[in-house]
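There are 2 protein chains.
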Amino acid sequence: MTAETTGEAAGRTRRRGAGRTRAPINQLPWRQFSNPHPKLRLISDDEVERLHQGSVRILEEVGVRFFLPEALDLLETAGAIVDRADSRARIGRDIVEEAIRLAPARVTLSSRNPRHTVSLGGDEFVCTNVLGPPFSTNLDRGRRSGTLADYAELMKLAQFFNVVHMIGGSPVEPMDVEVPVRHLEAALVMLEVSDKVPYTFCHSVQRIHDTLDMIAMARGLTREQLRDTPSTYAIINTNSPLQYDTSMAAGVIEMARHGQPILITPFSLAGASMPVTLAGAIALSNAEFLAGLVLAELARPGAPVLTGAKTTNVDMRTGSPAFGGPEFQKSTIIGGQLARRYGVPYRCSNFCTSNAADAEAVYQAEGAIWSAVMSGCNLLMHAVGWIEGGLCASYEKFVLDVEMVQMMAVMLEPVEVSEATLAFEEVAMVGPGGHYFSTPLTLDTYKTAFYQPLISSTRNYGAWVEDGARDATHRANAIWKQALEDYETPPMPAERLEAASSWRNGRQKAARRSISGWAGRARWASHNGWRLTWRSHRGGRAP
Amino acid sequence: MTAETTGEAAGRTRRRGAGRTRAPINQLPWRQFSNPHPKLRLISDDEVERLHQGSVRILEEVGVRFFLPEALDLLETAGAIVDRADSRARIGRDIVEEAIRLAPARVTLSSRNPRHTVSLGGDEFVCTNVLGPPFSTNLDRGRRSGTLADYAELMKLAQFFNVVHMIGGSPVEPMDVEVPVRHLEAALVMLEVSDKVPYTFCHSVQRIHDTLDMIAMARGLTREQLRDTPSTYAIINTNSPLQYDTSMAAGVIEMARHGQPILITPFSLAGASMPVTLAGAIALSNAEFLAGLVLAELARPGAPVLTGAKTTNVDMRTGSPAFGGPEFQKSTIIGGQLARRYGVPYRCSNFCTSNAADAEAVYQAEGAIWSAVMSGCNLLMHAVGWIEGGLCASYEKFVLDVEMVQMMAVMLEPVEVSEATLAFEEVAMVGPGGHYFSTPLTLDTYKTAFYQPLISSTRNYGAWVEDGARDATHRANAIWKQALEDYETPPMPAERLEAASSWRNGRQKAARRSISGWAGRARWASHNGWRLTWRSHRGGRAP
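Chain order of the listed sequences is Z and C. Add 91 to a position in the first sequence, counting from 1, and you land on the number used in my numbering. Add 91 to a position in the second sequence, counting from 1, and you land on the number used in my numbering.
If you are wondering where the hints come from, they were derived from the structure by calculation, not from laboratory data. One should not assume that every hint holds.
Put simply, identical chains are the same to the list, so a pair is met inside one copy or across any two.
[Claimed, not checked] With a cut-off of at most 25 Å between alpha-carbon atoms, the simulated DMTMM-like pairs for lysine to aspartate or glutamate come out as follows:
hint	residue 1	residue 2
1	LYS600	GLU138
2	LYS538	GLU517
3	LYS600	ASP558
4	LYS130	GLU504
5	LYS130	GLU557
6	LYS130	GLU507
7	LYS130	ASP214
8	LYS130	GLU215
9	LYS130	GLU140
10	LYS130	GLU576
11	LYS538	GLU504
Chain Z with its partners taken away, still in its complex shape (with noise of 0.2 Å):
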């Protein structure tokens, strides 16, 4: 790649290798972002408080069903009605308002690299990688099945982005892993090429455990110096309409036993999993909330859950979730507001469901953005390259969201109105019909005054189609090869890979072996085997 190709994301340039010069990719330094403006509202507190109760009369009388017995034992404890045979457990309200008194409203998530520290809550506002597809794609080679390269190439992505606060777990399913193995794999990728908060892979307890071993151990912690010290995360996604099966509560559980936090985000879909309505469908989806966060209250009180709002609507034509449209906008906002009336943490998702990394994508992913921060998102999952509803990871959509993010976090910083910016003198100085590219105030701050685009251009068209006339789609594919060209790998001692790497070398023979019989191939093949065709549907499990 050479200076031509890099788009223009000017400013100095630096030497590389047999004397090529390029301009370094111009990007917002590290920070957590934060949103301290007046979150908007879509309804009254009278009608947030009418969904609540809706939420309740749910809980109360239509109940939840659990297939772990464990979680019925908790709930049946707590004072919550079980039958057994139906596996269902109707939760009262007193039960349901104790599990809200007890859900911290932020909590801190560190990191091996303590620059890279988040908190989630009140006005911050964090985001992640997409989380969970399949394929992935580029402009050079086409879409593809997940690979551990690609897998790794997009961990780095989320390494050198600084927008990127957190890892929002697989960038990308390696599915040339075994499935029995992949989380180990993914793991270990994880924490030698990101020091950003890792994500813990929950399909099952196992993972759960294998995960959290990992990452104590690229901390240099103990595993109960990790309980005490959250430092990652897991998403739990209910099997709507209110269930919630075996791997889910039992994520639940272990997550709040080991300290680390929980997203609890139903898999809401108007006209499908949920009422066509959108009040019945955010109601319903709010009780499934509320029963995993009385499920993770009563496994270790005070254990940090945020809620997840991804309510949409199923597109009547394809039966396909709705993606990025109004509903999902509306139901984002509404989320926010219920949020704040149970104090806790707030995650969103930027969703879209187009194809390509195109305009559709585009307008979708920024409508996903402003109505998540809007609404008072902490949380940002999938934040950058997600598209195909979830289906694929676009490295081009990567870098196009890593720009409408930091436009988004530009947005937010407080203008100040004083003496000095209102600059008086300076207008008296330079009067009418006169110009201000070379006042003092100008002079002094005009490289840092206003936001440095990373694909966006304000070149006329003469010039931009002199330059090949690169769409903004073509322009964000260089700016990915060059960020993996200027990735640099954070730093981890050696001996605490060394004990990562050969930790995971030791499950993975104990892994394999339970999959070398017939019968365990047979169950690898027909779980994977499973997960695709569900995901050709687009519905099923949400990542």
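Using the hints, position chain C against chain Z.
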């Protein structure tokens, strides 16, 4: 065009021509939009007041240049301190506060088609097409200098799409028509092709009179009746900093006297025509607006005036306006706070800098639309079709913008939280583990429950590839073509069209006589050349 090429705007199909079937374009029905939700505040009320006082201080101590003696006369009579040698008027705060008091909070613009009457003020939210680019582009024929034929095509699109509530003026400049007669041709085509509220061409007093005459004829009104019936509007830009040239000042006075609303929009570039600080740029730009407001209210007390914010920063690398960036979004939102302080309707803009209808154009546009709506925007100018910092109208961007505006309109619709929409009975009936595809509520409402997109699609990757893997911009291409096919000329009594047309002919002759000599030709050529040169730098008079 066949059913295969019309995209996925599915629904009913209808027969056209020789047995072809095609889905009609599935757009939102006509209605004026409303934003009943709380508006965003980026600064405190105290800071708003500080900005206002900053503007007042500029008006009192620095003053504004008006090159039109009549404007200085009006201001002097009102008590301003006028320096004739410098054409400068220093305007006291009492004069300013009186003008603010006189300006109406709302204006209703009636149209030839009563259905297309719109109201500007309060929670109302109204959109126009792009105004004034000298070039147009689409995927079929590329970018070219504006022609009257392209003007008519884009005007038809403005009439066809329901989210365009008012005509924004020339959707492309008909550069193939000589300047002295261009407004006559443009006005006639506008009135023939559209029955939405028309724009008044206002670069000179003569053009204002010509356009108002033709609008009155098309309405079957006298000019006196038109004065009592606000039916059109014009945009006045200042010559920043702190100058109103002759035609701008005359435009304010004429429009006020003729009872038609004026949008006063300083073209405010922080670091170029304005101080480099956002507060300084907004205070100065607001001072220019207030000066125009004073002039309008002196010309005719109670004249309807809209305040228009389009403060953005200059890109210090290219010297061009950084339309659509975060500084622009901030100033848009703060502009709304000032507009509410003054109780006048608020105009915003859907700006972007991109040279194509690509991802950049769209993230800037979606951000512009969100910041406008969050600011309490009453009139979104350039809502559809703008690219290249206003130098070019894109047919595909037009359609992409329609989709974005539609989504916003649906997002703003109230969410009903009631017994009926909470749908407890359905939740109880479906219970855990069921689905809502075939519940009574879903079956009753699924056809209309959710937004039906124009371009967005939830089709899976395989189906999308089979259909040609067309990105959103290419799907937008098919949609504008279909819109032009489906367009129907709105009815107008033959005698009114005849009156406007023969009047245009007479005026044309007179105007041509004035440019028939050598001097006239040279004047025309130099005027036109100046426009193009100026615009090629992307600065200068803003559309």
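Hints versus structure:
no. : hint            : in the structure
1   : LYS600 x GLU138 : neither (55 Å within a copy, 65 Å between copies)
2   : LYS538 x GLU517 : within (19 Å within a copy, 59 Å between copies)
3   : LYS600 x ASP558 : neither (53 Å within a copy, 46 Å between copies)
4   : LYS130 x GLU504 : both (15 Å within a copy, 18 Å between copies)
5   : LYS130 x GLU557 : neither (44 Å within a copy, 43 Å between copies)
6   : LYS130 x GLU507 : both (20 Å within a copy, 20 Å between copies)
7   : LYS130 x ASP214 : both (10 Å within a copy, 18 Å between copies)
8   : LYS130 x GLU215 : both (12 Å within a copy, 21 Å between copies)
9   : LYS130 x GLU140 : both (17 Å within a copy, 22 Å between copies)
10  : LYS130 x GLU576 : neither (39 Å within a copy, 44 Å between copies)
11  : LYS538 x GLU504 : within (17 Å within a copy, 42 Å between copies)
Hints 1, 3, 5 and 10 from the earlier list are contradicted by this structure; the remaining hints agree with it.
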